[in-house]
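K.L.:
Protein chains in written order, with the working numbering: chain A, 1 to 103; chain B, 104 to 451.
Keep in mind that the hints were calculated from the coordinates and are not lab data. Virtual Cβ for every residue (Gly too), placed ideally from N, Cα, C. One or more hints might be untrue.
To be verified - FRET-style restraints, in silico, Cβ to Cβ:
1) 303/B with 25/A: 28 to 38 Å
2) 4/A with 244/B: 30 to 40 Å
3) 80/A with 300/B: 53 to 63 Å
4) 46/A with 148/B: 31 to 41 Å
5) 303/B with 39/A: 50 to 60 Å
6) 154/B with 12/A: 37 to 47 Å
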Amino acid sequence: MADPMRIRATARDGAVNVKVLMSHEMETGQRKDASGKLVPAHYIRSVTATHQGKTVLTAQWGPAVSKNPYLEFDFKGGQKGDKVVVTWEDNKGEKRSDEGVIN
Amino acid sequence: MSRWNNAKLVVFALAAGACVQAAAQTAKPLYPGVGRAATNAEIAAWDIDVRGDLKGLPPGSGSVSRGETLWEAKCTSCHGSFGESNQMFPPLIGGITPEDIKTGRVAALAKGGEQRTTVMKLSRISTLWDYINRAMPWNAPKTLTADEVYALTAYLLNQGNIVPDSFVLSDKNMAEVQARLPNRNGLTRDHGLWDTRGKPDVSAKACMKNCGPEPRITSSLPDHARGSHGDFVEQNRLFGPVRAVSLSGGAAVAAVTPPAAAPAADPAQALAVKAGCMACHTAKQRGIGPAFAEIAAKYRADSGAENKLMAKVKSGGQGVWGNIPMPPFANLQEQDLRTLVRWILKTE
Numbered sequence: 001m002a003d004p005m006r007i008r009a010t011a012r013d014g015a016v017n018v019k020v021l022m023s024h025e026m027e028t029g030q031r032k033d034a035s036g037k038l039v040p041a042h043y044i045r046s047v048t049a050t051h052q053g054k055t056v057l058t059a060q061w062g063p064a065v066s067k068n069p070y071l072e073f074d075f076k077g078g079q080k081g082d083k084v085v086v087t088w089e090d091n092k093g094e095k096r097s098d099e100g101v102i103n
Numbered sequence: 104m105s106r107w108n109n110a111k112l113v114v115f116a117l118a119a120g121a122c123v124q125a126a127a128q129t130a131k132p133l134y135p136g137v138g139r140a141a142t143n144a145e146i147a148a149w150d151i152d153v154r155g156d157l158k159g160l161p162p163g164s165g166s167v168s169r170g171e172t173l174w175e176a177k178c179t180s181c182h183g184s185f186g187e188s189n190q191m192f193p194p195l196i197g198g199i200t201p202e203d204i205k206t207g208r209v210a211a212l213a214k215g216g217e218q219r220t221t222v223m224k225l226s227r228i229s230t231l232w233d234y235i236n237r238a239m240p241w242n243a244p245k246t247l248t249a250d251e252v253y254a255l256t257a258y259l260l261n262q263g264n265i266v267p268d269s270f271v272l273s274d275k276n277m278a279e280v281q282a283r284l285p286n287r288n289g290l291t292r293d294h295g296l297w298d299t300r301g302k303p304d305v306s307a308k309a310c311m312k313n314c315g316p317e318p319r320i321t322s323s324l325p326d327h328a329r330g331s332h333g334d335f336v337e338q339n340r341l342f343g344p345v346r347a348v349s350l351s352g353g354a355a356v357a358a359v360t361p362p363a364a365a366p367a368a369d370p371a372q373a374l375a376v377k378a379g380c381m382a383c384h385t386a387k388q389r390g391i392g393p394a395f396a397e398i399a400a401k402y403r404a405d406s407g408a409e410n411k412l413m414a415k416v417k418s419g420g421q422g423v424w425g426n427i428p429m430p431p432f433a434n435l436q437e438q439d440l441r442t443l444v445r446w447i448l449k450t451e
């Protein structure tokens, strides 16, 4: 199981700013290990963020995103105390969801 | 009592030179007529180091959540929200596992090949506290209170999963945190500095009599490390006694001679040093801020550049060269701003 994401959501100027740090190898599938064998691709393919059950962001990613990705976005309509849930799914079907509280 | 005495001494010193001698005589100085005794306040301001055994740690405390607020306000721009930024310095956070906290030896370091972060390398908690206290934020060192340093240290430890979200770090529990540091057992001295299988650089025994000839002290970089960060000559700051050895110079240990020209020769340059611009800029090499030569090249054809850049330095800002912000310099006089910007725009 991958490590939890770090999520920081802050309400400011009528919008909510969300910062997320994910923990993922993001292997491109192009890299070779010390013995010359290709390291199999392993990367996050999709990211979604929801606020009170409503989707506020979806993203399709690929192997070009670097290791331990950092994502920042703003959305409108959130209040202090609400929850923001971020979910990713990778090319091996592994999933991880974490939540942050808006402050 | 002694505090009062010292205060009186300073007042006298200011009042009349003759009194200084009188006061110095009562204090029986080691070197009569040279300087004066430091005041308690001066010693306290200078004596800020925190030792490995935590001696010197001032009382105080700070929570992870206070640290988070401070971090967002003062540190994010350079180190990233979670200490993850790789932009100007290797990340502060990352690369450790719960297993490392148990063993006190970071597995990824022993294995090699991973990027090294601050929490991976840290073997003494005092180092982190002391470093933040004396050196950070980079552009305004020594502006943090002791409680703020505790809070920021707590925040970084929390980002490294070393302490929980609710943790409050204080002078009372620093030793407990030391016992959880992921690399607390990782420090060894029994190896060379560059070649980790080599012999230690310093292995001398104290010698009190009939010692060998006076050693000649030199320093050098191994060849493979010389170019690893580009040509140091181009990155050397414009002031200070340290001069880089040129890559093209060839010689393994070239003599390091101080610059011939005194830095104060160019008043604009002296002003830039005094205003603190050189903490982030150099003439030719990009650092935290763009190189002055880059700035000059970019605005060469722009006749409105002078006023535009004066306004930018005054109010700070980001986005032209990247997402690291330049802090505002609101206190600089119009005339000084103009001198600085004109000087920068002339950089070749």
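K.L.:
The structure should be examined with respect to each hint, and the outcome stated for every one.
P.N.:
Here is what the structure says about each hint:
1. 303/B with 25/A: 28 to 38 Å: 36 Å, holds
2. 4/A with 244/B: 30 to 40 Å: The hinted range 30 to 40 Å holds for residue 4/A and residue 244/B, with Cβ atoms some 33 Å apart.
3. 80/A with 300/B: 53 to 63 Å: For residue 300/B against residue 80/A, whose Cβ atoms are near 56 Å apart, the range 53 to 63 Å holds.
4. 46/A with 148/B: 31 to 41 Å: 55 Å, violated
5. 303/B with 39/A: 50 to 60 Å: Given a distance of about 37 Å, which is not inside 50 to 60 Å, the answer is violated.
6. 154/B with 12/A: 37 to 47 Å: 41 Å, holds
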